[in-house]
Amino acid sequence: MKSGINSGNSNLPTEDEQSIETRVREVFPYLDAGRRKKDKKIDTKDLQYVLKKIKAPRSWIQQTEEILWEIDDNNQGYLLVDDLVRTVQRIMNASKSNALEEPSRVIDIIDFVSKDPKLTGKISARDCILLLHNRFGGSVNETRLRDLFMNSNFQKATTEYISFTEFCKQVKVRRMLKQR
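For the sequence shown, my numbering begins at 1 and goes up steadily by one.
It is possible that some hints are incorrect.
Each pair of labels, with its calculated beta carbon distance range [stated by the list, open to error]:
id : residue 1 : residue 2 : range
1  : P117      : T165      : 28 to 34 Å
2  : D16       : D39       : 19 to 25 Å
3  : E26       : R90       : 17 to 23 Å
4  : E66       : T165      : 15 to 21 Å
5  : P57       : T22       : 15 to 21 Å
6  : L80       : M176      : 19 to 25 Å
7  : D16       : I61       : 17 to 23 Å
8  : R58       : T120      : 16 to 22 Å
9  : E17       : R58       : 31 to 37 Å
10 : W69       : Q89       : 27 to 33 Å
11 : N74       : S124      : 18 to 24 Å
12 : I61       : P117      : 34 to 40 Å
30 Å max Cα-Cα, derived DSBU-like pairs, lysine-lysine [claimed, not checked]:
id : residue 1 : residue 2
13 : K178      : K37
14 : K37       : K55
15 : K53       : K115
16 : K53       : K41
17 : K172      : K118
18 : K169      : K52
19 : K118      : K40
20 : K118      : K45
21 : K55       : K41
22 : K118      : K169
23 : K178      : K115
24 : K52       : K118
25 : K178      : K38
26 : K40       : K55
27 : K172      : K115
28 : K37       : K118
29 : K38       : K115
30 : K52       : K38
31 : K118      : K41
32 : K53       : K118
33 : K40       : K115
34 : K38       : K53
35 : K178      : K41
36 : K41       : K52
37 : K169      : K115
38 : K45       : K55
Worth flagging that the hints you see were computed from the coordinates, not collected in a lab. Idealized CB from N, CA, C, for every residue including glycine.
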């Protein structure tokens, strides 16, 4: 198995399984943020705290139990880092093989927080493009992804940063394009 980022068949780098695992392990402490003491578990309070900080849609914040339940294979009410790594790899592999990729909301959160560890609620457009490419593969080049941004609310933005909500909209657009 290769490690790190590889170039694939396009101009943008793509992540292999090892680099995905590394990224999830690096993001985990930021997701374990709902308490003053880190308990090395992600539960609904942690998830709710993170979603509020990144200014997620209210519906997401209200559905933290459901988001966690979708990926909690052991029905413990929390996730350990190894649980999250396995879940993310399973979902990412399903996504790349055009299989049903739900639950995808946890991937949206992990992807966004990996580029926004301070939980500011914004990432750069370039980071967004790289995340979309890693998640959905190389069938759409960087120019096409930029065109998608220009045809969305992103065009109205006055900065080079986008919000979590806009990121999720871009994920939805990319998912629809992939299904064609």
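Exercise for the section: Find the hints from earlier in the document that the structure breaks and name them by number, from lowest to highest. Expected result: 1, 2, 5, 6, 7, 10, 11, 12, 13, 25, 35
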